[in-house]
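Asker: Generate coordinates for the entire structure from the input sequences, incorporating the hints supplied.
So the sequence shown is residues 68 to 148, counted in our numbering.
For the record, the hints were derived by calculation from the structure and aren't laboratory data. Errors might be hidden in some of the hints.
Cut-off 20 Å, straight-line C-alpha distance, at most; resulting in silico cross-link-like pairs (EDC-like, lysine to aspartate or glutamate) [said to hold, decoys possible]:
{"hint": "1", "residue 1": "K132", "residue 2": "D105"}
{"hint": "2", "residue 1": "K132", "residue 2": "D115"}
{"hint": "3", "residue 1": "K145", "residue 2": "E122"}
{"hint": "4", "residue 1": "K145", "residue 2": "D115"}
{"hint": "5", "residue 1": "K132", "residue 2": "D143"}
{"hint": "6", "residue 1": "K145", "residue 2": "D77"}
{"hint": "7", "residue 1": "K145", "residue 2": "D100"}
{"hint": "8", "residue 1": "K132", "residue 2": "D77"}
{"hint": "9", "residue 1": "K145", "residue 2": "D105"}
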Amino acid sequence: MLIVNQSAFDVFTATPSNTTTFAQPARGFYIGDGAVQDVAIRTQGGQDVTLVSLEPGIIHWFACKQIRATGTSATDIKIVY
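Answerer: Given below as structure tokens:
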């Protein structure tokens, strides 16, 4: 499934994991921590990418199927669908 628009219809708390993937790709994720954080994701296409120094308090529109534990410093992550 290819996601092309930036609207969310649901949100869930994400627990970073190197093994568990989402049932469907998330449209993006929200960082609730109070400072800039790093988040490692597995993209829809299967690439592992670490996004460095992301601002908290906004939705980052990176479609992903996993928030990876290795490389992720953020602790309050919500995934949006």
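Asker: If a hint holds in the structure, say so; if it doesn't, say that too.
Answerer: How the hints compare with the structure:
For the proposed pair K132 and D105, the alpha carbon gap of about 17 Å is at most 20 Å, so the pair holds. Taken as a hint, the K132 and D115 pair is honoured in the structure, with Cα atoms around 10 Å apart against an allowance of 20 Å. For a cut-off of 20 Å, the pair hint linking K145 to E122 stands: about 14 Å separates their Cα positions. About 19 Å separates the Cα atoms of K145 and D115, which keeps this hinted pair within 20 Å; it holds.
A hinted pair counts as satisfied when its Cα atoms are at most 20 Å apart, and K132 with D143 qualifies at roughly 17 Å. Simply put, K145 and D77 have alpha-carbon atoms about 10 Å apart, close enough for the 20 Å limit, and the pair holds. Of the pairs offered as hints, the one joining K145 and D100 holds, with about 11 Å between alpha carbons and a cut-off of 20 Å not exceeded. Restraint check for K132 and D77: the C-alpha separation of about 15 Å stays at or below 20 Å, so the hint holds.
Under the criterion of a C-alpha separation no larger than 20 Å, the hint pairing K145 with D105 is consistent with the structure, at around 14 Å.
In summary, this structure violates none of the numbered hints.
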